[in-house]
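Chain residues, written in single-letter form:
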Amino acid sequence: MDGEQVKEIDYDKENPICHGSLCARGYYNLELLTHPQRLTVPQIGSRSVSWNEALALVSSRLKEVDPATVGIVVSALASNEEAYLAAKLAKTLGVKNISAGGAPADLEAYQGWRWEVPKASFGKVEGIDGAECLLLVGDILTRSPVLSQRVNRVRYGKRGNKIIVLDPNQSHTSWFATTHLRIKPGTEALALAAFVKIIADTRKVSSPKIDLEKICKLTGISQEDMIKAAKEFNAANSGYVIYVPSATKQRNDLIAYLSKVLTALSDNKKYLSFYAYGNNLGVNLILDQMLERRPDYQEIMKKIEKGQIKNLLLLGENIFSDDEMGEQKITQVEFVALASHFPVRPLSPTTLLLPLASYLEEEGSYLLADGRREEHKAVVSPVGARSSFAIIAELLSLKQNEERTKIRAQVEEMLAKGMPREKADLPTKLLDVADILPQSDYPAEEVFHFGDNRWVKKFFWYRVNSESSKA
Amino acid sequence: MNNQKDVRIASAVPREKFYGKRVYLNLDLCCGCKSCAAACTYGHFIQSLLAHSPLGKAADLPLHCVHCDQPACAAACPNDAMKKMENGLVLRSHFKCIGCSSCTLACPFGVEHTYLTRKIVPKCDLCIDRLAEGEIPRCVQTCTSGALSFEEIDQMVGDDKQQMASVRMLSNQVGRRR
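Heads up: the sequence lines are chains A and B, in that order. One point on numbering: in our numbering, the residue at position 428 of the first sequence is 1090, and numbering is uninterrupted. One point on numbering: in our numbering, the residue at position 121 of the second sequence is 803, and numbering is uninterrupted.
So here's chain B without its partners, still in its complex pose (with noise of 0.2 angstroms):
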C-alpha cells in the first residue's frame, strides 16, 4: 500500500515547477502541542517523517528539513538514496534506502533519524503531494499555534532571518541524534 501511494506521488509532481518555499518556525509563537507531528505520521500512512528535539527543558521543537541548496545527507549517502531534485526539493528514494543512517551522522542541523525497527531514514518531502496541488504542507496547516509558517526564503527579512539563522544554531546543538 505505501508503495503504491509512493508511485503515484513521483508522478503527481510536474517535474518543471520550482519550490522555493520553506517551513519556519517562530519560537515564541510554538507551545509543544505536537499537532504537527500526529499531521506528519497520519498523512504518510503511520510514518512520521518530522522529529522532534527537546529544547532543554524548556519546549520540544518540530525540527523540520530545510532542504540545503548543497544537501550534505545526500553528498554522504552511499547508494544514492538522497536527492536534490530539479523542483528545489531534498527528497529521498524509498526503495534505495537502506537505512545506514549516515544521513542522520552528515546532516548539520539534526533533523533526519532513523527508524530501527524498519531500517530506513524518514525524510521530510514537504507533503509534495498537497503541494501539487496548491495547498501546504500539513504540519503547517495543522500548526495550533500559528508557529510554522510556509514562505519564499527571499521574503523573510531583518528579525525573521536572524530569528530562523538562531533556530538553525539551536537545532544544531541540541537535535543532534548522535
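Okay, chain A solo, but in the shape it has when bound (with noise of 0.2 angstroms):
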C-alpha cells in the first residue's frame, strides 16, 4: 500500500482454503482498482449527473411509482448485508418483484439443495484431501482452480484412490480422472440417478424403479462402466460429491439434488457444490428468509417480458452474465437503474447508471460454498463510486455505521439458522428424471486452453476487457 493505491497483491498464505495461491481471476480485483474503463460518476446515457441528483432521481421514482411494477435484483455476488438492506428495502416500499439475479443455473441448483434427504452430509473443503474417491459433476477446475491441489492430493495420495468425472466434455478436470464418464451432453441427472439405482441394489435397500438400460442408452455410457463406476463410488471407505452447476447441464435441481442423495445412500460421503457466483447460498438465503414469498429470477424476467416491470433497480455485479436474453429483455423496461463496474450491456439512452464500488473497497461478509463464513474489511476507499450497500442505505436514508453493526448482527442470526428445507420424495423426483433427454444444442467440447473455455470467456473482467480492446 502506498497511500491511497495498491501496489502489489500479497498471498495469504495461512488460508485454509487455497495456502496462499490464487486463480488467474483473483487478479482481476487488482485490475479493477485502476481499469481506465471503470465508471467513477454516476451516468445517464452518456450524460454525467451527481450522486445527489441521481439517488434523488431512483427515489422518487420508486415512491411515486405503483409498488406491483417495480423490480429490484440483487446479484448473488452482493455481500449478505447488501442482501439484507436490499430486502429492506423492497419491504419498505412495497415491493414483491425481488429475487437474487446471476446465473440461472445457480438459483436452480439452489432450489434442488433445499429438498431435504435425511442423512446427506455437507462436506468441508478440507475435508477432500482425506477422501479416497471423488465423484465430480462437471468441469470443477475451469470454475475453481484452487481446488486442483486437493484433487491432486487425492488422485496420487494413495494407491487405488478413485477420482470419477461426469462430464460430457474434454476438460482440465478429465485430464485428471481415473475414470471419465463422457456421458452426451444434459445428462448428468440421468447418470446419477443410475448411480443411486446400483448403489441402492448392491446395498440391499429398497431399490427405486428405474430402467437402468434405457438410461445407459440415453447417456450413451456402456451398463457395465456405468455399474463398474457406480461400485467404485460406493466401495472407497470416504469420499465426496463435488457438483458444479452450469447451463449445459439440464435440470440442475435434479441433480443437486441427486448428488445429496448419494452421500446418504452411501457409507462416509459428503456433498459440495460450487457455484459461478460467489454468495449465492448466502443471498439467496437470506432473500429467503427475509420474504415470505418472492418470485424467482426467471419469474421476473417473465414479468419483464409481460410489460408488467417498468422501473428496474439492479444491485450489483454482473448480474446477466450466463443470461444473454435477459439483457435484451432489459431494454425494454421504461426505467433502469444499474449499479455497475463499468458501462457495460444492457445500456439505453435512458439507463441510470451507478459506479459500484469493488470488493477491495467495501467490507462484507459472504457464505462460501461449503457453510463457512468469510469477512473482509476495504482494504482503499472507493474514488467516486458507492458499494450497493451505501447506495440502499441512503435511498432508506439510514445512517451507514450506527447500522452496519446491527445488520450484521441480524445477519448472522439468519446465518445460524441455515437454510430452509423443502421435503422431498425421492420416487416423484426420479419420475422427473426420467423425463430427460440429452441435448442436441450444445455439442461436447474438447477443452484444452483455459482462454478458449466457454465459461472462462463469460466472466465479467474476460468479456470486460475483450469488448474495450475491439473498442
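Source of the hints: derived by calculation from the structure; they are not laboratory data. Note that the coordinates shown come from a computational prediction; the quantities given were computed from them, not determined experimentally. Mixed in with the good hints, there may be bad ones.
So these bits of chain B aren't anywhere near chain A, every CB distance computed over 10 angstroms [stated by the list, open to error]:
no. : residue
1   : Lys716
2   : Asp751
3   : Asn761
Label pairs and their in silico Cβ distance ranges [as the list claims (entries may be wrong)]:
no. : chain 1 : residue 1 : chain 2 : residue 2 : range
4   : A       : Gly792    : B       : Lys778    : 50 to 58 angstroms
5   : A       : Arg709    : B       : Thr799    : 49 to 57 angstroms
6   : B       : Pro790    : A       : Arg709    : 54 to 62 angstroms
Ideal Cβ placement from N, Cα and C applies to all residues, glycine included.
The two chains are supplied separately, each in an independent frame; assemble them into the complex guided by the hints.
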C-alpha cells in the first residue's frame, strides 16, 4: 500500500482453503481498481450527473410509481448485508418483485439443495484431502482452479484412490480422472440416477424404480462401465460428490438433489457444490428468510417480458452473465437503475448507471460454498464509486455506520438458522429425471486451453477486457 | 513508473547473495489454469515475463527460464543486455534491450519470447524483489495445483531430475518460437 494506491497483491499463506494460491481471475480485483474503463461518475446515457441527483431520481421514481411495477434484482455476488438491506428496501416500498440475480443454473441448483434428504451430510473443503474417491460432476477446475491442489492430493495420495468425472467435455478436470464417464450433453441427472439405482441395489435397500438399460442408452455409457464406476464410488471408505452447476446441464436442481441422495445412500460420503456466483447461497438464504413469498429470477424476467415491470433496480456486479436473453429484455423497461463497475450492457439512453465499489473498497460478509462465513474489510476508499450497501442505505436514509453493526448481528442470526428445507420424495423426483433427454444444442467440447473455455470467456473480466480492446 | 521500479529492484538485490534455487514444473500436477501467467503479469506492471506453450493438444505449460550457467542468450545478445550476474541469475538490462530477438533464437529451451509491439524481450527475473525479502517467486506462490516448486538444483534426485530433463526436452521441441 502506498498512500491510497494498491501496488501489488500479497498472498495469504495461512488461508486454510488456498494456502496462498490464487487463480488467474483473482487478480481481476487488482486490475479493477485502476481499470481505465471503470465508472466513477453516475451517468444517464452519456450524460454525467452528480450522486445526489442520481439518488434523488431513483428514490423519487421508486416512491411515485405503483410498487407492483417495480422490480429489484440483487446480484448473487453481493454481500449478505447488501442482500439484507435490499430486502428491507423492498419491504418498505412494498415491492414484491425481488430476486437474486446471477446464473440461472446456480439459482436452479439452490432449489435442489433445499430439498430435504435425511442422513445426507454437507462437506468441508478441507475434508477433500482425506477422501479416497471423488465424484466430480462437471468441470470443477475451470470454475475453481484452487481446488486442483486437493484433487491432486487425492489423485496421487494413495494407491487405489479414484476420481470419477461425469462430464460430456474433455476438460481440465477430466485430465485428472481415473474414470471419465463421457456422457451425452445434459444427461448428468440421468447418470446420477443410475448411480443411485446401482448403489441401492448393491446395498439391498429399497430399489428405486428406474430403467437402467434405458438410462445407459440415453447417456451413451455402457452398462458395465456405469456399474463399475458406481461400485467403485460405493466401495471407497470415504468420498465426496462435488458438483458445479452450469447452463449446459439440464435440471440442475435434480442433479443437486441426487448428489445429496448419493451421499446418504453410501457410507461416509459428503457433498459439496461450487457456484459461479460467490455468494449465491448467502444472498438466496437471506432473501428467503426475510420475505415470505418471492418470485424467482425467471418469473421476474417473464414479468419484464410481459411489460408488467416498468421500473427496475439492478444492484451488484454482472447480473446477466449467463443470461444473454435477459440483457435484451431489459432494454424494454422504462426506467433502469444499474449499479455496475463498467458501462456495460444492457445500455439504453435512459439507463441510469451508478458506479459500484469493488470488493477491495467495501466491507461485507459472504457465505462460501461449504457453509463457511468469510468477512473482509475495505483496503482502499472508493474513488467516486459507492457500494450497493451505501446506495440502499441512502435510499432508506439510514446512517451507515450505526446501522452496520445492527445489520451484521441480524444477518448472523439468519445464517445460523441455515437454509430453509423443503420436503422431497425420491420416487417422484426420479419420475422427473426419467423425462430428461440428451441435449443436441450443446455439442461436447474438447477444451485444452483455459482462455478458450466457454465458461472462462463469459466471466466479467474477460468480457470487459475483450469489449474494450475491440473499441 | 516502470523505470523507477527497476532502479529500486536493482539496488535492493544484495550482490553478494547467491540464488541457487530454480522453478520446477511437475507435469503430472499442472492443470493449465494459467494463474502463474497472471501473477507474473500483475507482478511486473502488466508485462508478462512468463511464456506459455501448448504441448500439442494435451496441456498448456508454463516455460520458465532455467538461468543457465553458460547462457546462450547472453552470448547472442549484441548489446550486452543479457548478463549472467554474480548472484547466479541471468538478467536483462531494461535500458539496453533493443528487441532484436537474438536471444529468442539462441535460447535452447525456447523460453524467451519477444513483444512485437514494445520491441523488447521480456525475461524472467525470478521475482528478485521478492527473493531479496526471503519470499518465493510469484508464479510458484500462486500455483493452484502445486505443480510449480522452487527448489535447490542439487536437491533434485532420481525421478525428479529425469522429469526435469524431460521437461527440457519437451520445451525444446514444442516451445521454440521460431
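How the hints compare with the structure:
1. Lys716: 5 angstroms, violated
2. Asp751: 31 angstroms, holds
3. Asn761: 30 angstroms, holds
4. A:Gly792 <-> B:Lys778: 50 to 58 angstroms: Since Gly792 (chain A) and Lys778 (chain B) have Cβ atoms about 53 angstroms apart, the given range 50 to 58 angstroms holds.
5. A:Arg709 <-> B:Thr799: 49 to 57 angstroms: At 35 angstroms between Cβs, range violated.
6. B:Pro790 <-> A:Arg709: 54 to 62 angstroms: 59 angstroms, holds
Violated hints for the displayed structure, listed by number in ascending order: 1, 5.
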